[in-house]
Amino acid sequence: MTIIIITGMHRSGTSLISSYLQYCGLDIGEQLIGGNKGNTKGHFEDKEFVDLHNRILNRNNINYLVPAAVTIQQEDIEKATQILYDRNHIPVWGWKDPRTVLFLDFWHKLLGPNVFYIFIYRKPQLVVDSLLRRNTDKILRRKPWLAAEAWIYYNSLILNFIKNNLKSSLLFQLEEIIFSAPDFIRKLNNKAGLSLEHKELKFIFDKNAMGERVVMKKSKLINRIFKSKHKRMMNDLEQYKTKLI
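For the record, in the sequence shown the residue sitting at position 14 is 41 according to the working numbering, with numbers rising by one throughout.
Treat the hints with care, as some may be off.
What the hints assert, rightly or not - Once the Cα atoms are required to be at most 30 Å apart in a straight line, the calculated DSS-like pairs of lysine-lysine come out as: (1) Lys165 x Lys256; (2) Lys165 x Lys247; (3) Lys258 x Lys150; (4) Lys229 x Lys270; (5) Lys170 x Lys229; (6) Lys74 x Lys229; (7) Lys106 x Lys150; (8) Lys190 x Lys258; (9) Lys245 x Lys150; (10) Lys150 x Lys170; (11) Lys136 x Lys229.
What the hints assert, rightly or not - Now the in silico label distances, taken between C-beta atoms and shown as ranges: (12) Ile89 x Glu227: 34 to 42 Å; (13) Glu227 x Gln101: 44 to 52 Å; (14) Ser183 x Asp78: 21 to 29 Å; (15) Pro118 x Met243: 41 to 49 Å; (16) Arg240 x Ala95: 29 to 37 Å.
Don't read these hints as lab results, they were simulated from the structure. Quick reminder that beta carbons are idealized off the backbone N, C-alpha and C, glycines included.
Put together the whole structure using the sequences plus the hints.
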(Lines of atoms letter the chains of each structure in order from A and count residues from 1; the text may use other names and numbers.)
(Lines give C-alpha, C1' and ligand atoms only; values in the text may rest on other atoms or scores of the structure.)
Protein backbone atom coordinates (compact mmCIF):
# COMPACT_ATOMS: atom_id res chain seq x y z
CA MET A 1 0.00 0.00 0.00
CA THR A 2 1.21 3.49 -0.89
CA ILE A 3 -0.17 6.64 0.74
CA ILE A 4 0.17 10.15 -0.71
CA ILE A 5 -0.36 13.10 1.64
CA ILE A 6 -1.00 16.49 0.02
CA THR A 7 -0.63 19.48 2.29
CA GLY A 8 0.72 23.01 2.70
CA MET A 9 -0.29 26.38 4.06
CA HIS A 10 -3.95 27.30 3.57
CA ARG A 11 -4.71 29.12 0.28
CA SER A 12 -1.57 27.68 -1.31
CA GLY A 13 -3.35 25.67 -4.01
CA THR A 14 -3.60 22.33 -2.23
CA SER A 15 -7.22 21.97 -3.36
CA LEU A 16 -6.22 22.51 -6.97
CA ILE A 17 -3.39 20.00 -6.77
CA SER A 18 -5.57 17.44 -5.00
CA SER A 19 -8.28 17.77 -7.63
CA TYR A 20 -5.62 17.37 -10.32
CA LEU A 21 -4.20 14.23 -8.70
CA GLN A 22 -7.71 12.82 -8.44
CA TYR A 23 -8.17 13.66 -12.13
CA CYS A 24 -4.95 11.74 -12.86
CA GLY A 25 -6.20 8.68 -10.99
CA LEU A 26 -5.32 9.05 -7.30
CA ASP A 27 -7.98 7.91 -4.81
CA ILE A 28 -8.34 10.79 -2.32
CA GLY A 29 -11.45 9.51 -0.55
CA GLU A 30 -15.16 9.02 -1.03
CA GLN A 31 -16.62 11.45 1.52
CA LEU A 32 -15.07 14.74 0.43
CA ILE A 33 -15.93 18.15 1.83
CA GLY A 34 -17.94 20.16 -0.68
CA GLY A 35 -17.58 23.69 -1.88
CA ASN A 36 -18.25 26.91 0.00
CA LYS A 37 -17.34 30.60 -0.20
CA GLY A 38 -13.63 29.82 0.13
CA ASN A 39 -13.53 27.01 -2.45
CA THR A 40 -16.56 26.98 -4.69
CA LYS A 41 -15.43 23.84 -6.55
CA GLY A 42 -14.81 21.90 -3.35
CA HIS A 43 -11.93 21.35 -0.96
CA PHE A 44 -11.10 17.78 -2.05
CA GLU A 45 -10.57 16.93 1.62
CA ASP A 46 -11.47 13.59 3.17
CA LYS A 47 -13.95 14.48 5.90
CA GLU A 48 -12.64 11.93 8.39
CA PHE A 49 -9.15 13.41 8.42
CA VAL A 50 -10.42 16.98 8.65
CA ASP A 51 -12.82 16.08 11.47
CA LEU A 52 -10.03 14.39 13.41
CA HIS A 53 -7.68 17.35 13.00
CA ASN A 54 -10.38 19.83 13.98
CA ARG A 55 -11.40 17.78 17.01
CA ILE A 56 -7.83 17.75 18.31
CA LEU A 57 -7.38 21.48 17.69
CA ASN A 58 -10.68 22.33 19.37
CA ARG A 59 -9.89 20.22 22.40
CA ASN A 60 -6.55 22.02 22.69
CA ASN A 61 -8.33 25.36 22.19
CA ILE A 62 -6.08 26.12 19.21
CA ASN A 63 -6.93 28.11 16.11
CA TYR A 64 -5.32 26.54 13.04
CA LEU A 65 -3.75 29.88 12.08
CA VAL A 66 -2.05 30.50 15.43
CA PRO A 67 1.24 28.76 16.27
CA ALA A 68 0.79 26.46 19.26
CA ALA A 69 1.85 23.03 20.52
CA VAL A 70 -0.74 20.31 20.01
CA THR A 71 -1.33 17.61 22.63
CA ILE A 72 -2.29 14.18 21.27
CA GLN A 73 -4.33 11.79 23.38
CA GLN A 74 -4.76 8.03 23.14
CA GLU A 75 -8.23 8.41 21.67
CA ASP A 76 -6.71 10.41 18.79
CA ILE A 77 -4.22 7.65 18.06
CA GLU A 78 -7.00 5.06 18.12
CA LYS A 79 -9.21 7.09 15.78
CA ALA A 80 -6.36 7.73 13.36
CA THR A 81 -5.42 4.06 13.39
CA GLN A 82 -9.02 3.12 12.60
CA ILE A 83 -9.16 5.56 9.69
CA LEU A 84 -6.00 4.05 8.25
CA TYR A 85 -7.24 0.50 8.83
CA ASP A 86 -10.49 1.22 6.97
CA ARG A 87 -8.44 2.12 3.88
CA ASN A 88 -6.01 -0.76 4.16
CA HIS A 89 -7.59 -2.52 1.18
CA ILE A 90 -6.79 0.36 -1.21
CA PRO A 91 -3.39 -0.15 -2.90
CA VAL A 92 -2.75 3.56 -3.63
CA TRP A 93 -4.61 6.37 -1.95
CA GLY A 94 -4.08 9.70 -0.24
CA TRP A 95 -5.62 12.65 1.51
CA LYS A 96 -5.39 16.41 1.47
CA ASP A 97 -5.75 18.79 4.38
CA PRO A 98 -3.63 21.88 5.10
CA ARG A 99 -4.03 21.15 8.82
CA THR A 100 -1.94 18.01 8.31
CA VAL A 101 1.11 20.30 8.53
CA LEU A 102 0.31 20.71 12.23
CA PHE A 103 0.30 16.92 12.70
CA LEU A 104 3.21 15.74 10.56
CA ASP A 105 5.11 13.99 13.35
CA PHE A 106 1.91 12.40 14.62
CA TRP A 107 1.05 10.87 11.26
CA HIS A 108 4.63 9.94 10.42
CA LYS A 109 4.85 7.77 13.54
CA LEU A 110 1.64 5.95 12.60
CA LEU A 111 2.35 5.42 8.91
CA GLY A 112 4.72 2.84 7.54
CA PRO A 113 7.55 3.43 5.07
CA ASN A 114 5.31 3.57 1.99
CA VAL A 115 4.09 7.12 2.51
CA PHE A 116 5.03 10.17 0.47
CA TYR A 117 4.38 13.79 1.32
CA ILE A 118 3.58 16.39 -1.34
CA PHE A 119 4.13 19.84 0.11
CA ILE A 120 2.83 22.86 -1.80
CA TYR A 121 3.93 26.43 -1.19
CA ARG A 122 2.81 29.66 -2.78
CA LYS A 123 4.08 33.24 -2.77
CA PRO A 124 3.27 34.73 0.66
CA GLN A 125 1.73 37.94 -0.65
CA LEU A 126 -0.85 35.93 -2.60
CA VAL A 127 -1.63 33.66 0.36
CA VAL A 128 -2.12 36.64 2.70
CA ASP A 129 -4.35 38.42 0.21
CA SER A 130 -6.40 35.29 -0.46
CA LEU A 131 -6.96 34.64 3.25
CA LEU A 132 -8.10 38.20 3.90
CA ARG A 133 -10.31 38.40 0.81
CA ARG A 134 -11.97 35.12 1.73
CA ASN A 135 -13.06 36.77 4.98
CA THR A 136 -14.22 33.55 6.65
CA ASP A 137 -11.77 33.54 9.57
CA LYS A 138 -13.02 35.69 12.44
CA ILE A 139 -9.59 35.89 14.00
CA LEU A 140 -8.18 37.54 10.87
CA ARG A 141 -10.80 40.28 11.07
CA ARG A 142 -9.34 41.24 14.45
CA LYS A 143 -5.72 40.33 13.76
CA PRO A 144 -5.12 40.32 9.99
CA TRP A 145 -1.33 40.10 10.41
CA LEU A 146 -1.79 36.50 11.59
CA ALA A 147 -2.20 35.55 7.92
CA ALA A 148 1.45 36.51 7.32
CA GLU A 149 2.65 34.85 10.50
CA ALA A 150 0.76 31.65 9.68
CA TRP A 151 2.45 31.43 6.27
CA ILE A 152 5.84 31.52 8.01
CA TYR A 153 4.79 29.03 10.69
CA TYR A 154 3.33 26.43 8.34
CA ASN A 155 6.27 26.55 5.98
CA SER A 156 8.78 26.38 8.83
CA LEU A 157 7.09 23.18 10.03
CA ILE A 158 7.24 21.82 6.48
CA LEU A 159 10.94 22.60 6.13
CA ASN A 160 11.81 21.07 9.48
CA PHE A 161 10.00 17.90 8.50
CA ILE A 162 11.59 17.70 5.05
CA LYS A 163 15.10 18.06 6.46
CA ASN A 164 14.53 14.89 8.50
CA ASN A 165 12.55 13.00 5.84
CA LEU A 166 14.11 13.81 2.49
CA LYS A 167 13.42 10.40 0.95
CA SER A 168 9.66 10.61 1.46
CA SER A 169 9.14 14.34 0.79
CA LEU A 170 8.45 16.38 -2.33
CA LEU A 171 8.21 20.17 -2.15
CA PHE A 172 6.71 22.13 -5.03
CA GLN A 173 5.96 25.76 -5.75
CA LEU A 174 2.37 26.04 -6.92
CA GLU A 175 3.09 28.25 -9.92
CA GLU A 176 5.64 25.76 -11.27
CA ILE A 177 3.15 22.90 -11.10
CA ILE A 178 0.61 25.00 -12.98
CA PHE A 179 3.22 25.73 -15.63
CA SER A 180 4.44 22.15 -15.93
CA ALA A 181 1.82 19.77 -14.53
CA PRO A 182 2.81 16.63 -16.51
CA ASP A 183 6.37 16.96 -15.17
CA PHE A 184 4.90 17.13 -11.66
CA ILE A 185 3.13 13.80 -12.25
CA ARG A 186 6.32 12.25 -13.63
CA LYS A 187 8.26 13.35 -10.55
CA LEU A 188 5.64 11.88 -8.25
CA ASN A 189 5.40 8.64 -10.23
CA ASN A 190 9.18 8.21 -10.15
CA LYS A 191 9.47 9.04 -6.46
CA ALA A 192 6.60 6.87 -5.22
CA GLY A 193 6.58 4.17 -7.90
CA LEU A 194 3.11 5.14 -9.11
CA SER A 195 1.48 5.07 -12.53
CA LEU A 196 -0.78 8.13 -12.47
CA GLU A 197 -1.80 9.46 -15.88
CA HIS A 198 -0.02 12.51 -17.27
CA LYS A 199 -3.06 14.70 -17.86
CA GLU A 200 -3.22 18.42 -18.58
CA LEU A 201 -4.06 20.68 -15.67
CA LYS A 202 -5.76 23.24 -17.91
CA PHE A 203 -8.95 21.19 -18.03
CA ILE A 204 -9.62 21.77 -14.32
CA PHE A 205 -7.63 24.96 -13.68
CA ASP A 206 -9.68 28.09 -13.08
CA LYS A 207 -7.29 31.02 -13.41
CA ASN A 208 -9.85 33.48 -12.08
CA ALA A 209 -10.23 31.51 -8.86
CA MET A 210 -6.52 31.59 -8.04
CA GLY A 211 -6.19 35.33 -7.39
CA GLU A 212 -2.83 35.84 -9.08
CA ARG A 213 -2.34 39.39 -7.85
CA VAL A 214 -2.71 41.24 -4.55
CA VAL A 215 -5.80 43.45 -4.57
CA MET A 216 -6.43 44.53 -0.97
CA LYS A 217 -4.71 47.56 0.57
CA LYS A 218 -4.64 45.76 3.90
CA SER A 219 -2.81 42.83 2.31
CA LYS A 220 -0.26 45.12 0.67
CA LEU A 221 0.47 46.82 3.99
CA ILE A 222 0.90 43.53 5.86
CA ASN A 223 3.12 42.15 3.12
CA ARG A 224 5.36 45.21 3.31
CA ILE A 225 5.73 44.73 7.07
CA PHE A 226 6.64 41.05 6.69
CA LYS A 227 8.63 41.40 3.47
CA SER A 228 12.05 40.55 4.92
CA LYS A 229 10.80 37.57 6.94
CA HIS A 230 8.88 36.23 3.97
CA LYS A 231 11.87 36.66 1.71
CA ARG A 232 14.08 34.62 4.05
CA MET A 233 11.51 31.84 4.22
CA MET A 234 11.08 31.81 0.43
CA ASN A 235 14.85 31.47 0.05
CA ASP A 236 14.85 28.50 2.42
CA LEU A 237 11.96 26.87 0.54
CA GLU A 238 13.79 27.35 -2.75
CA GLN A 239 16.72 25.34 -1.42
CA TYR A 240 14.58 22.27 -0.78
CA LYS A 241 12.00 22.47 -3.54
CA THR A 242 11.67 19.72 -6.15
CA LYS A 243 12.60 21.33 -9.45
CA LEU A 244 10.27 20.89 -12.41
CA ILE A 245 11.56 23.52 -14.82
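(request) Assess, step by step, whether the Cα of Lys106 is no farther than 30 Å from the Cα of Lys150, and give holds or violated. (result) 35 Å, violated
(message) Tell me if the straight-line CA distance from Lys150 to Lys170 falls inside 30 Å.
(response) Status holds; Cα separation ~20 Å.
(request) Take the C-beta atom of Arg240 and the C-beta atom of Ala95, compute their distance, and say whether it sits inside 29 to 37 Å. (result) Check passed, 32 Å falls within 29 to 37 Å.
(message) Need the status of pair Lys190, Lys258: alpha-carbon distance at most 30 Å?
(response) 19 Å, holds
(message) Between the alpha carbons of Lys229 and Lys270, is the straight-line distance 30 Å or under?
(response) OK: Lys229 and Lys270 at ~20 Å, within 30 Å.
(message) Can you confirm whether the C-alpha distance between Lys245 and Lys150 stays at or below 30 Å?
(response) OK: Lys245 and Lys150 at ~17 Å, within 30 Å.
(message) Quick check: does the Cβ-Cβ distance between Pro118 and Met243 fall within 41 to 49 Å?
(response) 45 Å, holds
(message) Check the hint pairing Lys74 with Lys229 against an upper bound of 30 Å on the C-alpha distance.
(response) This hinted pair holds, its Cα atoms lying about 27 Å apart.
(message) Just to be careful, I want the Cα atoms of Lys165 and Lys256 compared with a cutoff of 30 Å; is the pair within it?
(response) 25 Å, holds
(message) Holds or violated: the 34 to 42 Å window for the beta-carbon distance between Ile89 and Glu227?
(response) Holds, at about 39 Å.
(message) Holds or violated: the 21 to 29 Å window for the beta-carbon distance between Ser183 and Asp78?
(response) 26 Å, holds
(request) Decide if the proposed pair is consistent with the structure: Lys170 and Lys229, CA atoms, cutoff 30 Å inclusive. (result) Answer violated: Lys170 to Lys229 is near 36 Å, above 30 Å.
Of the hints listed earlier, those the structure fails to meet are numbers 5, 7, 11, in rising order.
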